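Trainee: Here are the chains, one letter per residue:
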Amino acid sequence: MNDERPVVRSSGRPVVVWQPHATVDTLRERARLVGRVRSFFAERGVLEVDVPVLQGGANLDPSISPLAVAVHDGRRWLPTSPEHPLKRLVAAGYGDVWALHPAFRRGEFSHRHQPEFRMLEWYRCGWDDARLLTETVALLVALTGFGGGVEVLTWRAALIRHAGIDPVCASDEDWRQRLGDEATAVTIDGHLDHNLAADLVLANLVEPHLGRDGWTALTAYPARLAAQARIRDGVAARFELYRDGIELANGYHELGDGGELTARLTAEQAQRADAPDLDQRFLAAMDAGLPDCAGVAVGFDRVVMLALGLPAVSATMAFPWDRA
Amino acid sequence: MGSMNIGEVGKGTKLIFDNSPWQVLEVNFVKPGKGNAFYKLRVVNLLTRNTLEKTLRGGEKVDTADVTDVDMQFLYKDANGFVFMDQSSFEQMTIPAAVVGSASDFLLEQAECKATLWNGEPIVISLPNSVVMEIEYTEPAVKGDTQSRVMKEAKLKGTGALVQVPIFLAIGERIKINVESREYLGRADK
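Residue numbers (our numbering), protein chains in the order written: chain X, 1 to 324; chain L, 1 to 190.
Think of the hints as simulated: they come from the structure by calculation, not from any bench. Being a predicted model, the structure only gives us computed values, none of them experimental. Cβ coordinates follow ideal geometry from the N, Cα and C atoms, glycine included. Treat the hints with care, as some may be off.
Okay, the calculated beta carbon distance ranges per label pair [as the list claims (entries may be wrong)]: (1) L:P128 <-> X:P20: 28 to 36 Å; (2) X:P14 <-> L:N19: 33 to 41 Å; (3) X:D274 <-> L:N28: 19 to 27 Å; (4) L:N19 <-> X:R281: 48 to 56 Å; (5) L:P128 <-> X:T154: 53 to 61 Å; (6) X:V24 <-> L:G160: 56 to 64 Å; (7) L:N19 <-> X:H191: 20 to 28 Å; (8) L:K155 <-> X:Q177: 53 to 61 Å; (9) L:R42 <-> X:D287: 43 to 51 Å; (10) X:P20 <-> L:N28: 22 to 30 Å; (11) L:F17 <-> X:A31: 44 to 52 Å; (12) L:N19 <-> X:H209: 35 to 43 Å.
A few chain L positions that, by computed beta-carbon distances, are all more than 10 Å from chain X [said to hold, decoys possible]: (13) L75; (14) M85; (15) Q87; (16) N119; (17) E153; (18) G158; (19) Q164; (20) I175; (21) L185.
Taking beta-carbon pairs under 10 Å as the criterion, some of the chain X residues facing chain L (in silico) [claimed, not checked]: (22) S63; (23) S110; (24) D199.
Given these sequences and hints, build the entire structure.
Mentor: What follows is the structure, encoded as structure tokens:
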């Protein structure tokens with residue numbers, strides 16, 4: 001749909017940028033941080049693994065759109081995170097594993113999003129979300145050098161404190177007042193959707209305040225935002241870790257019930273217009289039984305951005321999307 | 001009128017909101033903690049040049065505007081409006097004075113410009129950022145004072161538009177004018 005005509009050389013080939021985006025100093029620092037990740041996990045006995053980039057089935061996280069690739073015998077799916085193969089290794093009894101893996105998400109563009117990026121993800125057997133949060137902070141402190149302690153805030157308390165709204169009992173008018181003109185984005189057929197409103201208020205009014213004087217972990221998410229986390233005391237047993245208003249990590253006490261997981265993913269799949277394939281090998285592994293474990297995914301490019309004080313994740317990449 | 005998924009919208013995409021054509025200047029993606037995704041667009045109205053922030057839900061469909069830019073040459077003015085020639089098809093198009101708007105103050109015969117068409121109908125005429133015009137009339141020049149910030153009115157040849165120029169300029173001089181602000185930029189190179 002973009003009708004801007006590319007500049008064309010006299011040779012007939014378009015004028016393009018071939019040079020890398022990140023500076024060589026940035027890439028040296030990035031490589032050094034990868035080395036620190038490797039030694040962090042080596043010291044702790046977590047096994048580094050390589051997993052496929054072309055998966056047999058799709059990740060089906062809410063509001064994340066995976067990319068399909070046509071291959072000789074049908075189609076495969078680019079991972080939105082390496083969650084499925086890593087959990088299959090855990091289910092197979094391989095113990096604690098980690099990967100720094102390419103991840104792909106359709107249409108995600110901003111100074112803190114790229115459609116292709118690197119996810120640092122690991123799993124700890126016998127751990128819960130609170131224990132994994134402590135280790136996640138330890139790794140991020142080691143990588144960034146940022147201290148300041150950890151503030152733990154429930155999702156609901158964060159909305160009350162920073163947006164002055166209690167999501168459990170807020171009225172349409174309360175949400176409208178917080179959202180102004182943007183209320184139209186969360187109104188469907190004249191009906192203001194409180195879940196959508198809470199998501200947008202969190203992005204607009206809460207996230208910018210998180211992790212300003214240290215690390216902030218949001219916990220106890222509503223059950224609708226559980227993804228693959230287990231439900232504990234009526235809320236999702238998961239955390240997201242923020243620094244300088246930027247979400248860096250997303251951890252779960254993993255749901256171990258294969259039947260429940262299949263139901264969640266099937267429900268998500270049914271909502272998708274493009275009908276992505278269920279990851280049958282992953283579901284079979286979850287049916288066989290996932291040991292009690294906790295897992296976390298860290299946006300590695302964001303960590304590099306933060307550690308080096310860069311303005312955008314693209315600045316940490318040799319070839320971001322528009323130069324790839 | 002077509003439509004596309006909001007996820008496919010990028011910088012430069014032309015969309016319809018509230019029955020007007022808008023061009024996307026910036027797209028920002030936000031998605032807090034496994035919640036719904038939102039796209040925050042900054043858009044400019046192609047009719048009024050007003051800019052606006054617009055937030056849409058991930059997964060929404062948006063209507064695309066059939067908007068194209070055509071290189072034109074201005075030929076002459078007649079009773080129906082301004083007559084232009086499409087530089088690629090060499091066809092003539094009459095564009096009403098209301099669409100040409102204040103661009104007419106700096107539109108000389110033979111001048112090249114850009115016409116923006118929406119569904120084939122012209123909606124905007126855009127000139128280069130600056131144009132060279134000749135002074136048809138102004139008060140006599142005040143000699144020697146070329147650093148002066150004191151201004152006087154000058155009438156431009158061809159269009160009769162009035163602009164402010166420094167007092168050292170004289171009739172017949174060629175000057176450069178910023179089209180948007182109507183400011184005097186300097187003497188044109190000979």
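Trainee: Taking the hints in turn, state whether each one holds.
Mentor: Hints and how they fare:
no., hint, in the structure
1, L:P128 <-> X:P20: 28 to 36 Å, "35 Å, holds"
2, X:P14 <-> L:N19: 33 to 41 Å, "36 Å, holds"
3, X:D274 <-> L:N28: 19 to 27 Å, "24 Å, holds"
4, L:N19 <-> X:R281: 48 to 56 Å, "50 Å, holds"
5, L:P128 <-> X:T154: 53 to 61 Å, "58 Å, holds"
6, X:V24 <-> L:G160: 56 to 64 Å, "59 Å, holds"
7, L:N19 <-> X:H191: 20 to 28 Å, "24 Å, holds"
8, L:K155 <-> X:Q177: 53 to 61 Å, "54 Å, holds"
9, L:R42 <-> X:D287: 43 to 51 Å, "47 Å, holds"
10, X:P20 <-> L:N28: 22 to 30 Å, "24 Å, holds"
11, L:F17 <-> X:A31: 44 to 52 Å, "46 Å, holds"
12, L:N19 <-> X:H209: 35 to 43 Å, "38 Å, holds"
13, L75, "25 Å, holds"
14, M85, "20 Å, holds"
15, Q87, "14 Å, holds"
16, N119, "14 Å, holds"
17, E153, "40 Å, holds"
18, G158, "31 Å, holds"
19, Q164, "36 Å, holds"
20, I175, "31 Å, holds"
21, L185, "27 Å, holds"
22, S63, "4 Å, holds"
23, S110, "4 Å, holds"
24, D199, "3 Å, holds"
Checked against the numbered hints above, the structure breaks none of them.
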